[in-house]
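Chains A and G are the protein sequences, given in the same order. Using the numbering used here, the first residue of the first sequence is number 1, and each one after it goes up by one. Using the numbering used here, the first residue of the second sequence is number 1, and each one after it goes up by one.
Treat each hint with caution, since some may be false.
[To be verified] Pairwise CB distance ranges, derived in the manner of DEER restraints: (1) 60/A - 28/G: 36 to 46 Å; (2) 68/A - 13/G: 37 to 47 Å; (3) 27/G - 14/A: 35 to 45 Å.
Just so you know, these hints were derived from the structure itself, not from any lab. No residue lacks a Cβ here, since even glycine has one placed at the ideal position from N, Cα and C.
Below are the chains, spelled out letter by letter.
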Amino acid sequence: AQSVTQLGSHVSVSEGALVLLRCNYSSSVPPYLFWYVQYPNQGLQLLLKYTTGATLVKGINGFEAEFKKSETSFHLTKPSAHMSDAAEYFCAVSSYNQGGKLIFGQGTELSVKP
Amino acid sequence: DTGVSQDPRHKITKRGQNVTFRCDPISEHNRLYWYRQTLGQGPEFLTYFQNEAQLEKSRLLSDRFSAERPKGSFSTLEIQRTEQGDSAMYLCASSLSGYDSPLHFGNGTRLTVT
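Kindly generate the complete structure, drawing on both the sequences and the hints.
The structure is reproduced here in C-alpha cells:
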C-alpha cells in the first residue's frame, strides 16, 4: 500500500522568505509524485509532478520539488513567498499499478505574513 | 479545455434524503475519479472509471453510495439515505489513461446534511 505523510499541518512564513513544505512517501514500487494547491472553496490545481528522469522538478508559480529516493521525500520549495501563495498544499503518490489513482497526504496550510 | 465541471456547487439536505451529484470531465479524458474531502483533510479516493467501466471502489464507499458513467462521458454520484457523516466536499477529477497522467479536478460539490 502507498501512503503520504506531510510534516506540519500549518506553516507560516514572511513575504519574501523561503517556503519549504515537507512530504515523505511510502511505496513498494517506483512512485509517481505530485504536489497540488487548493484555494478556499475550489478544487485542486496541479503544481508539479515527478514520474521518471530528472529528480529536480520545476512547476508553476516558481515552485520546485526534489525527489530523493534514499530519503523517500519529495519536499516542495519556493525561494521567495508571495502573499498569493497562501493556500492549502497537498502531496500525492501514485504508481504504474494504481490505475492513475492518487493517494493524498493530509495537507499543509501555508500562511504568508506581510 | 473547458475544465472539469461539477453540479451543484452546494447541496443542503436533511438526513435520510437521497442526493445526486453530476460531474462533466474534460472531453478527451477517459478516466474519471470521485474523491471525498472533509475539513482539514486530504482528498480520499472513492471510485474511478475508465470510460464507462467502474474499475475500483474504495471500502469507504458504502452500499448507500453508487456511481455511474453510462456513456463514458459525464458521471453521477448518488448517496441514498444520507447521514450527517456524509457531510463533505465531493470532488471529481478526470485524466488521460497514462499511468502518470495528472488528475484535473473540478471545484467540488459541498454537501451539508442537517
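Self-check item: Distance restraint evaluation - residue 68/A, residue 13/G, Cβ atoms, bounds 37 to 47 Å
Solution: Distance hint for residue 68/A, residue 13/G holds at roughly 46 Å.
Self-check item: Range agreement (Cβ of residue 14/A with Cβ of residue 27/G, hint 35 to 45 Å)
Solution: holds (43 Å)
Practice problem: Evaluate the given range 36 to 46 Å for the C-beta pair formed by residue 60/A and residue 28/G. | Solution: violated (21 Å)
Checked against the numbered hints given earlier, the structure breaks only hint 1 and satisfies all the rest.
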